[in-house]
Amino acid sequence: MPARGRGRKPVMRAPTTTSRGTTRPWMHPRRAILLGLVPAAAIAAACGSSSTSSTSSTTKATTATTAATAPAVQTANNAKFGTILVDGQGRTLYTLTNNGAAVACTSGACTAVWPPSLLPAGQTTVNVGSGVNNVSTVSANGGTQVAYKNLPLYRFSGDVSTGAANGDGINSFGGIWHVVKVGGGSTGSGSTGGGTATTGGSGTTTTTSGGTGY
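According to the numbering used here, the residues represented by the sequence shown are 64 to 277, in order.
Treat the hints with care, since some could be wrong.
What the hints assert, rightly or not - Label pairs and their computed distance ranges (CB to CB):
#, residue 1, residue 2, range
1, 237, 205, 16 to 22 Å
2, 225, 162, 16 to 22 Å
3, 169, 145, 27 to 33 Å
4, 153, 188, 19 to 25 Å
5, 184, 163, 29 to 35 Å
6, 229, 169, 19 to 25 Å
Hints listed in this document are in silico derivations from the structure and should not be mistaken for laboratory results. For each residue, glycine too, the CB sits at the ideal point set by N, CA and C.
With these hints in hand, go ahead and build the complete structure from the sequences.
Written out as structure tokens, the structure reads:
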């Protein structure tokens with residue numbers, strides 16, 4: 064019997080030159096396909112990263128725009144005090160006075176309990192809701208603080224829910240704290256209407272005793 068394989072001519076593959084100058088047979092088709100997928104995957108990853116960065120930038124820009132246009136001061140109806148001033152998140156705003164004069168709350172101990180109502184960095188104009196007048200700003204607590212009738216405004220850390228007003232009448236940090244009643248009451252009387260921030264006059268604030276702690 065003739066030997067198996069005799070008489071067959073070997074298949075010669077054309078050599079290919081690599082970057083190092085050596086030669087090798089033609090690459091297996093499957094390996095070529097896999098290597099061809101690598102650049103495509105890299106391009107897809109780059110596009111995905113670019114899309115994520117673009118979405119993140121858009122979200123930040125939208126958030127900044129919303130913060131700049133949201134009211135820093137607006138009115139709310141309170142069951143105990145009537146119409147009062149609150150911030151853009153509905154948190155009750157307070158003033159600190161002693162015999163009608165503003166008392167500065169700038170120490171770390173004070174601002175930890177009574178956080179100041181500050182405008183976002185770079186913003187100088189106070190956006191107010193309907194029915195709010197006599198709003199201005201003062202430079203305090205390392206930024207631009209919102210004021211009502213030139214009295215700086217603060218929040219109370221003891222107000223754990225929106226609409227709470229637990230800080231009224233508290234005597235601490237050199238004065239007495241009051242909610243800001245609009246249209247009458249013990250803490251300034253702002254006129255209704257408007258909706259734009261104006262610099263108010265000195266105003267008067269009647270203080271009452273009571274409320275200890277903090």
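Unsatisfied constraints (hint numbers, rising): Hint check: 2 fails alone, others pass.
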